[in-house]
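As given, the protein sequences belong to chains A and B, one line each in that order. Each residue of the first sequence is one higher than the one before, counting from 6 in our numbering. Each residue of the second sequence is one higher than the one before, counting from 6 in our numbering.
Hints were generated in silico from the structure; no laboratory data involved. Be careful, since some hints might not be right.
Where chains are identical, the list cannot tell them apart; a pair therefore holds if satisfied intra-copy or between any two copies.
Here are the simulated lysine to any residue pairs, SDA-like style, with alpha carbons at most 25 Å apart [said to hold, decoys possible]: (1) LYS367 to GLN330; (2) LYS176 to ASP440; (3) LYS8 to SER376; (4) LYS344 to ARG30; (5) LYS176 to GLY247; (6) LYS408 to ILE377; (7) LYS176 to PRO237; (8) LYS367 to ALA32; (9) LYS91 to ASP53; (10) LYS344 to ALA42; (11) LYS8 to THR340; (12) LYS8 to GLU172.
Protein chains: 2
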Amino acid sequence: MSKPVRVGICGLGTVGSGTFNVLTRNAESIAARAQGAVEISMVGARRDNPDCELGSTRLSRDIFDVVRDPEVDIVVELIGGTTVAKDLMTEALQNGKHVVTANKALIAEFGNELFALAEQNNVVIRYEAAVAGGIPIIKALREGLAGNRIEWLAGIINGTGNFILSEMREKGRDFADVLAEAQALGYAEADPTFDVEGIDAAHKLVILASLAFGMPLQFSSVFAEGITKLTPQDVEYAEELGYRIKHLGVAKQNGEGVELRVHPTLIPEARLLANVNGVKNAVLVEGDAVGPTLYYGAGAGAEPTASAVVADIVDLARELSAGQQCRVPALGYVTSELKDLPIVPMARVTTAWYLRMEAEDKPGVLSEIASIFSEQGISIEALIQKAPAEGETRVPLIMLTNKAIQGNVDTAVAAIESLESISGEVTRIRVEALDG
Amino acid sequence: MSKPVRVGICGLGTVGSGTFNVLTRNAESIAARAQGAVEISMVGARRDNPDCELGSTRLSRDIFDVVRDPEVDIVVELIGGTTVAKDLMTEALQNGKHVVTANKALIAEFGNELFALAEQNNVVIRYEAAVAGGIPIIKALREGLAGNRIEWLAGIINGTGNFILSEMREKGRDFADVLAEAQALGYAEADPTFDVEGIDAAHKLVILASLAFGMPLQFSSVFAEGITKLTPQDVEYAEELGYRIKHLGVAKQNGEGVELRVHPTLIPEARLLANVNGVKNAVLVEGDAVGPTLYYGAGAGAEPTASAVVADIVDLARELSAGQQCRVPALGYVTSELKDLPIVPMARVTTAWYLRMEAEDKPGVLSEIASIFSEQGISIEALIQKAPAEGETRVPLIMLTNKAIQGNVDTAVAAIESLESISGEVTRIRVEALDG
Ligand SMILES: NC(=O)c1ccc[n+]([C@@H]2O[C@H](COP(=O)([O-])OP(=O)(O)OC[C@H]3O[C@@H](n4cnc5c(N)ncnc54)[C@H](OP(=O)(O)O)[C@@H]3O)[C@@H](O)[C@H]2O)c1
Ligand SMILES: NC(=O)c1ccc[n+]([C@@H]2O[C@H](COP(=O)([O-])OP(=O)(O)OC[C@H]3O[C@@H](n4cnc5c(N)ncnc54)[C@H](OP(=O)(O)O)[C@@H]3O)[C@@H](O)[C@H]2O)c1
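Pulled out of the complex, with its shape left as it was, chain A reads as follows (with noise of 0.2 Å):
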């Protein structure tokens, strides 16, 4: 065998002492794997991680004494975030250091210029950690599924976030009870709005969609819409007609461009994706060759996000091994071939419609909905109506609608909004069948 390959590691929080921890236990299959011995040659922390036993292993208080250090071949960034982690990341690519990331949010934001410039050193950036955790999902897109032309995918790429719904769902309860109950199971963070307003979940699908559709990427075109307005109410509405919520992140190339697009999403009950359960993730991949295919697993989590990153070094240590370079594309095409599509605005966008509202209980009033949407070329697929509670006037009426485009969605709702019979707002979700 070779000479070692020698890693660094910077950050030892949860990521990076998991990722200390598995190259450490699994050296000798690592080893035999990559061709060669994968060695710690250094880790950089502000402070000791207690999960984690450094035992010899060269440590400095500094971090970028790791991007610094001559006997570094790979700098792994754990750190997260897009200010130091950037700064960090550009000197270690300068000093001709490949880079293994999980930093989602640095490399949705930044990862244009960034591949750029490991491009231009010579060297590779790989962030399978980055998207899913475990789940070799950047992999299959970027190699397993080279072949295709991928026609959309849809994720539910956002533990916190499908633990809470899971959990309102299992047992009635409100968005608000779970999420502070997530927090203080360490699932959600004490600051949560990355997780329930959908941003994570747009980091992730942004790598996801340039990786699917060979384009550059795009996160400030990326849509989100949070969880948090969520009610029980509208998961057990979304059961009776045979759906489950879930919050996806869905990539499609239709005519117009791609659309970009994370929110609430009814889908059909016998989908495997409506089974996800939990802080699981999954994703699905529609491609024109091989059809649908799913891929599933851990999301988060110290281990099963090291074993992301340790796949990326075992590939990069497979090729420095024998003194070759990594040779597939940081995004799997060529950077001179990625387009940049243009993403389709969300009036553009055609989904089907979960509709709840409040009706006065009173003849005529279904017809005056039924004629407005049909202005619009929208008919109902389905209703529920239910009889009013005692002393009620007022009935809620939950209706899934065709396939339309947003945008006339949007008229008709507006219609709806502006009867007389009806009070409030009309909540809106979108439906995906995930058929093909």
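The hints should help you fit chain B with the ligands onto chain A, whose structure is shown.
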């Protein structure tokens, strides 16, 4: 970009024509991904295939012309079987050509010698399409999960069998009846033995196991039990108990060695694998770092299989276009590091069991049975006992045991079958919780 990588396709049947068509249709994106054009330099086929427009592509009626052609870099073997295909592959490797194949029988039975021959000739064999069609499961095990110690895997890896079991469950139909339909639909061969007796699944399982555990291929060691004896009743009773019956390939590392087994299996209905229906395939893999991950998609068909063939070609092309070597070992581990792990004999394998028997409907029978089990250290976890049909004195007794060593179950079942009050044989099906 660099000079094109030239592919020669041998065999123009289902997968051969699919591969030709995908390479042709998606040539542009494939070139953008492979860092250079992938050209079909030559096709070898005894006869034309109407699904395939060869145009000006060079064609020979002698497939051996392809492996001898100086302009072919990669030979794609899609004739199937283990005779001519083996000669063809051997000559290709000796002529310094890389090989891509979908031939699970050939890899499972002769992979060890073929991989060695490839190494001697400084070329590689790639076989993503050999297991689970278009699902990139080989890549996941060989690369995506390379940081893990794989503990076990379980897969639905024969689409024909899964179609039959899905139909039996959904429509309460007989095995023979559904098999006939599957044959008519073209899902099952005229001679269905390979599919329904688990031989095809055994071919695939042994490949997965070698990749997972880093051992040479040991096809002759796989235990295979078919699905031909399953009855609609068993399917229904399983359902009553909260289970589905699937034909699983299971590979597991335990303290004693490796279990390699294909058999009908009850799995809890909530598991994703239990919800994989029709001709689809899925593989569940448990790694020490990542936990469970699952891979789902089409296990067969012209273009789904071609998707995997083309992915292998792109992997090769990415390296070859830069004059590099392919550095991922055939079985994920460097050959010298493969370990000849012992195979656990079935009598030593521990699983839970579903048992069905015909018992006299009289007091004391159940306690006789319970005491036989108890002597073997086996306990009963669930029981279905039906009232006797009008005029019948015997009743079906269905039970689920806890986990027990098969040898003990064999002993207990023999004792039960010799009871006066039990008629006929005890029907036995293994149960896997698939929960880690
Ligand atoms: N956790 C997961 O399950 C998961 C899953 C997928 C991807 N990721 C990604 O992985 C990365 C790391 O996440 P994590 O969960 O491991 O975070 P974490 O537990 O908070 O660990 C971050 C580590 O980086 C250190 N650090 C942060 N800023 C630093 C700075 N400016 N200078 C020096 N050290 C700094 C922290 O040190 P102190 O302790 O001293 O602050 C801490 O040790 C993030 O990009 C995250 O998005 C995480
Ligand atoms: N079909 C699938 O969905 C699928 C999925 C995964 C893997 N595979 C594997 O892919 C391989 C090909 O399967 P397939 O379904 O494409 O089979 P197929 O449709 O029967 O095609 C086989 C082709 O090879 C040719 N051929 C066979 N023996 C030959 C010989 N001795 N000399 C010259 N040509 C010969 C046949 O020619 P003639 O037509 O003249 O006989 C035919 O064109 C097999 O190893 C199979 O296990 C298939």
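Evaluated hints:
no.	hint	in the structure
1	LYS367 to GLN330	neither (72 Å within a copy, 75 Å between copies)
2	LYS176 to ASP440	between (28 Å within a copy, 22 Å between copies)
3	LYS8 to SER376	neither (74 Å within a copy, 62 Å between copies)
4	LYS344 to ARG30	between (42 Å within a copy, 19 Å between copies)
5	LYS176 to GLY247	both (17 Å within a copy, 21 Å between copies)
6	LYS408 to ILE377	within (16 Å within a copy, 61 Å between copies)
7	LYS176 to PRO237	within (9 Å within a copy, 35 Å between copies)
8	LYS367 to ALA32	neither (72 Å within a copy, 61 Å between copies)
9	LYS91 to ASP53	within (23 Å within a copy, 56 Å between copies)
10	LYS344 to ALA42	between (39 Å within a copy, 18 Å between copies)
11	LYS8 to THR340	between (31 Å within a copy, 18 Å between copies)
12	LYS8 to GLU172	neither (50 Å within a copy, 55 Å between copies)
Going down the numbered hints, you'll see the structure goes against 1, 3, 8 and 12, while the others check out.
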